[in-house]
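Visitor: As a plain string of letters, each chain reads:
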Amino acid sequence: MTQVIAQAPGAESFEPDQNSPKSNWREYFSFSLDHKVIGIQYLVTTFFFYLIGGALASVIRAELATPDSDLVAPELYNGLFTIHGTVMIFLWIVPAVTGGFGNYLIPLMIGARDMAFPKLNAIAFWMIPPAGVLLISSFFYGPSSTGWTAYPPLSILTDQHVGQAVWIASIIILGTSSILGAVNFLVTILAMRMPGMGMFDMPLFCWSMLSTSGLVLIATPVLAGAMILLGFDLLAGTAFFNPTGGGNPVVYQHLFWFYSHPAVYVMILPVFGIISEILPVHSRKPIFGYKAIAYSSIIICVLGLVVWAHHMFTSGTPNWLRIFFMIATLLVAVPTGIKVFSWLATLWGGKLRLESPLLFAMGFISMFVVGGLSGVMLGSVPVDIHLHDTYFIVAHFHYVLFGGSVFGIYAGIYHWFPKMTGKMLNEFWGKVHFFLTFVGFNLCFLPMHLLGLQGMPRRVSQYDPQFASINVICTIGAFLLAISTFPFLFNAIFSWIKGEKATDNPWNGLTLEWTTSSPPIVENWHGDPVLTTGPYDYGMEYAHEADLLAEPSA
Amino acid sequence: MNKSRIFSIAVGLSLIIIASLWYGQNNGLLPEAAATEAILYDNLFNSLLTIAAAIFLIVQTILIYSMIKFRRRAGDDTDGIPIHDNFLLEIIWTAVPTVLVIWVGIYSFDVYGVMQNGRPMSMGMGMPAMTHNHLGMEAAHADMMNQMENSELNTAVASASEPLNIDVQGMQFAWIFSYPGTEIQTAELHVPIGREIKLNLSALDVIHAFWVPQFRLKQDTIPGMATSIQFTPNKLGEYPIVCAELCGSYHGGMRAQLFVDTPEDYEAWLVQEQEDLASSNSKNAIASTEILSQHQQLLAAQTQKMGISPETLKSLPRTMPN
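Protein chains in written order, with the numbering used here: chain A, 1 to 554; chain B, 555 to 876.
Watch out, some of these pointers could steer you wrong.
Residues from chain B that face chain A, not an exhaustive set, calculated with beta carbons under 7 Å [what the hints assert, rightly or not]:
id: 1; residue: Ile645
id: 2; residue: Thr648
id: 3; residue: Leu758
id: 4; residue: Val760
id: 5; residue: Pro767
id: 6; residue: Asp774
id: 7; residue: Ser803
Derived from the structure by calculation, the hints contain no laboratory data.
Glycine included, each C-beta is placed from N, C-alpha and C at the ideal position.
Work out the full structure, taking the sequences as your base and the hints as a guide.
Guide: Here it is, written out as structure tokens:
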């Protein structure tokens, strides 16, 4: 399985890495300004937080194995799912897909030597570890226990004042880090493309990061504002959101979801980009409908800003507002559908290399579609009124964020690991990882749809005994999912240390990152990078056959 | 594209559509429907599920077919045929979802109107009348009438025009129901069958959500803001009331029962409650305080276990059945 053609198309022969400083593990623990080091710092740090978030999830599922509240105290249970959600969103998916893949790939894909603002980049990364430690340390004195949504008045009246305040502080720090990163991506993509590379010559990952960064810049400051006001209500006794002082708790929900719905797109758009990169390489075909995919990212970004109140259909929102947000929400399905169908068309008629990167990418499409379809159902106001705050929602967003984002992150790691480390991951353990994850994930989250429809609310540690048997299935699935992480973890560690050496272009990819050494040198290329082909010009020798095919069907 | 290929695609699509239609009608995912609105809801849900199932099956079929048919054979290092786009195909997969979601929007809009105020909202908002759904509502009504005739409850129909108002208050971690015009306050909700009920919701401390899965209805109760829901129960029985918005440590335990009674039973229950209330107010103090203190001891032990503070207890109405 390892025969590879190491010829990078059009690349000159590279100098051996004599001039570049020897790669040093200490570099990864330093305030490095190299975008590749920062990207890997992001990925490793966030994966560490992912393991913590996963451990919390295991405790949650263990508690839910029985209908009674018997494993942990109810207050602690609320703390567990609050910190689980917060860690997975703010310390894993958001920084991994933007900071991790964005930092590593954007300069390499557009032929730049580094990001536009290297020092800002490093600052943005180094805000994450302290915020994460701060958040998780709150288990020593009572963590925030009001859900990752922290709705007032509950979050103001909570007994865990310190934990809630620490939670607010870490969200503000992480949000700031995210904003700094977004500025950097935006400027880098717009201003630092190599000569000759127009916007529509960019790989699609760059387009997805462009729309993501726009979303972050518009939406995140609103979250910071909401957090600061909430902090005042909590600590200074003001009444922005506290009804006993004349405040309005629903205003908080508007501010919160104005960020937190776009946050879903921040977590999924870069992954759409990752999938658009992986499919052409591993199916040996050009991406289908480049411009449609690029524009659909922008449309999703715009629509994503005007759908937030669909999280508030039961909050006493005025009727006309519910109708407006319903229509906007349903329309998001159109650009998303364009992407999915374009990916399927990319696979169609290809030469699929069914190895870990493509398996995870196809698993992504398969699972994300489930989350997307349940999302359309939830977009309908009457349907949502029954299903809001039930396990159906839990199932829906895990299909989007785990079946979607996390599968996509894994696909990206399998795809770019050789470039990042210069070592190949073990393919056998990669497949084991995929199948365990796929089975465990579906076993855990598919039955949750039924739980929600039948009447089980979310965020409860005790529930009606009629749901006991389905919950046992979910718990078994969750444990399988937890176990599935270990093959990956050991594969990554052992391969990094003593894996088979990777060539510069093990997958025969055409995007620019494959034209440099694995791992790339500090300045990315000896001499200037050369743009010889488009990012997806696979199978050009058969171009005449494509023309023949196109005629009768069009 | 040759004829046999078109034929097999057509057969595959029809199979998928048949399977989706069958699954949409026979999914059995929802609990029993006990209100007229719930029947409309189920029709909407089943239609959406049919569409979702069809798209799901199409996507998964293409994925699995591709994995088998287009997998790279050993030794084949060539590329696929470079097809960049297909205008017709792209128009189809943009237009079809657009039409579908607009249809879903209009249908949902109508159902929502009925759930809100008993008639399609499109009429009240100066939008073109959308009539396709009235059939559904009539069917729902007919269903209810049948059931009522069966149980000989025709008396209820006369008063069905004006909704019966009941006040609902959510607090950590209980529901309290007050029946306007009486002094009755209870921890379980009784409603007569076949009559439109309007619940006026409020919250004492934090946000809760009133949810009856069998009615497919949910509404947040928000401190400092009045909210309400309306429904017409059409099936006798006992249904759970679930708090659906995280409200603190014992959120999972915040449940109550809803009883749909025949109008006679409902009246009898009201009278009984009123008598109980009068007797507990006027009967000799010794007996009632004795009972009360007994109850309070029981309650104190129980609530301590549940983490409810004595202050919360004091604010509870006196006649809460223990």
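Visitor: Each of the hints needs a verdict: does it hold here or not?
Guide: Structure-based check of all given hints:
no.: 1; hint: Ile645; verdict: violated (11 Å)
no.: 2; hint: Thr648; verdict: holds (6 Å)
no.: 3; hint: Leu758; verdict: violated (10 Å)
no.: 4; hint: Val760; verdict: holds (4 Å)
no.: 5; hint: Pro767; verdict: holds (3 Å)
no.: 6; hint: Asp774; verdict: holds (5 Å)
no.: 7; hint: Ser803; verdict: holds (4 Å)
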